[in-house]
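Protein chains in written order, with our numbering: chain A, 1379 to 1429; chain B, 487 to 735.
Note that these hints are calculated values from the structure, not bench results.
Beyond 12 Å from chain A on every Cβ pair, some chain B residues (computed):
1. 573
2. 616
3. 671
4. 686
What the simulated footprint calls covered on chain B by chain A, stretch by stretch (three residues with Cβ under 8 Å from a Cβ of chain A suffice, anywhere in the stretch; the number is not a length):
5. 538–545
6. 595–607
Note that the structure is a prediction, hence the values are computed from the model and not measured. Built from N, CA and C at the ideal position, the CB exists for glycine as well.
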Amino acid sequence: MQEFLNMGGYAGYVWGAFGLTTVVLLLNVVLARRYHRQAAIRARRRHGSLS
Amino acid sequence: MKFLPKFVHRLASPPHFYRLAERWTPWLGLVAIVLILAGAYGGLVIAPVDYQMGDGFRIIYVHVPSAWLSLLVYMVMASAAAVGLIWRIKLAHAVAASCAPVGAWFTFLALATGAIWGKPMWGAWWVWDARLTSELVLLFLYLGYIALHGAIDERTRADRAAGLLAVVGVVNVPIIHYSVEWWTTLHQPASITKMGSPSIRDPAMLIPLLIMSIGFMVYFAAVLAIRVRGEVLEREWHKRWVSEILGDT
Chain A
1379 MQEFLNMGGY AGYVWGAFGL TTVVLLLNVV LARRYHRQAA IRARRRHGSL
1429 S
Chain B
487 MKFLPKFVHR LASPPHFYRL AERWTPWLGL VAIVLILAGA YGGLVIAPVD
537 YQMGDGFRII YVHVPSAWLS LLVYMVMASA AAVGLIWRIK LAHAVAASCA
587 PVGAWFTFLA LATGAIWGKP MWGAWWVWDA RLTSELVLLF LYLGYIALHG
637 AIDERTRADR AAGLLAVVGV VNVPIIHYSV EWWTTLHQPA SITKMGSPSI
687 RDPAMLIPLL IMSIGFMVYF AAVLAIRVRG EVLEREWHKR WVSEILGDT
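Can you make the complete structure from the sequences, with help from the hints?
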């Protein structure tokens, strides 16, 4: 296990790259969902102001 | 649009697409999670150590899929923008506008993981070689699309102006791809796409990379499906089907 985590001395680089990738993957889901949710709120509000 | 097949017409109808995207998102997400986890396990655990780069080469399993996706997203964005410009299909512009932020993030990720890889292998986070520079230009194209789109108030005009930028920017895509052949670069040549003889021959190394790349593409489809629904609402908010879907008739 220790050897696996150590990544042959490249631990910081390998885990850094994989960690950053995980963050970007999760972030893009959050941002997309937030965008859709806010668009729905805006659409409702505009629609309400029409009628 | 007479020559377009019927299913294209149906697909281009915003309410139809909206419901389709909503239904497909959880499945795309599930497939993406399974593929990405399998690819990560294969890349970090199963793949043997590289004889030159040791365990440091494992960064390839996030770097190459991000870089491929940064190009694929651009091709999708530019194609959608072209369809929107030529046939004036609103949904196509909604797709193009949805691609831009995702593409920008994956271009950033390709550059960042590349820098993390470059430091131990080349001794530098960044060099101004052709591959890195043209990928940086790709980031600016995405940011340019977002900025131009945001700067124009009227959405139809914003779609067309930014769409034109996206289409013109396509020239950068082959430049990125062939940069490692046309110029002398520090960046290594393509590992997979060299026709006939990929330089990664060991299936235990190659297969996780392919799984991870497909996983990233399915992930993109899922995120795109969510974003396009938002963009469609922004463009179609005055339509009746929108108020029906949002449940406030």
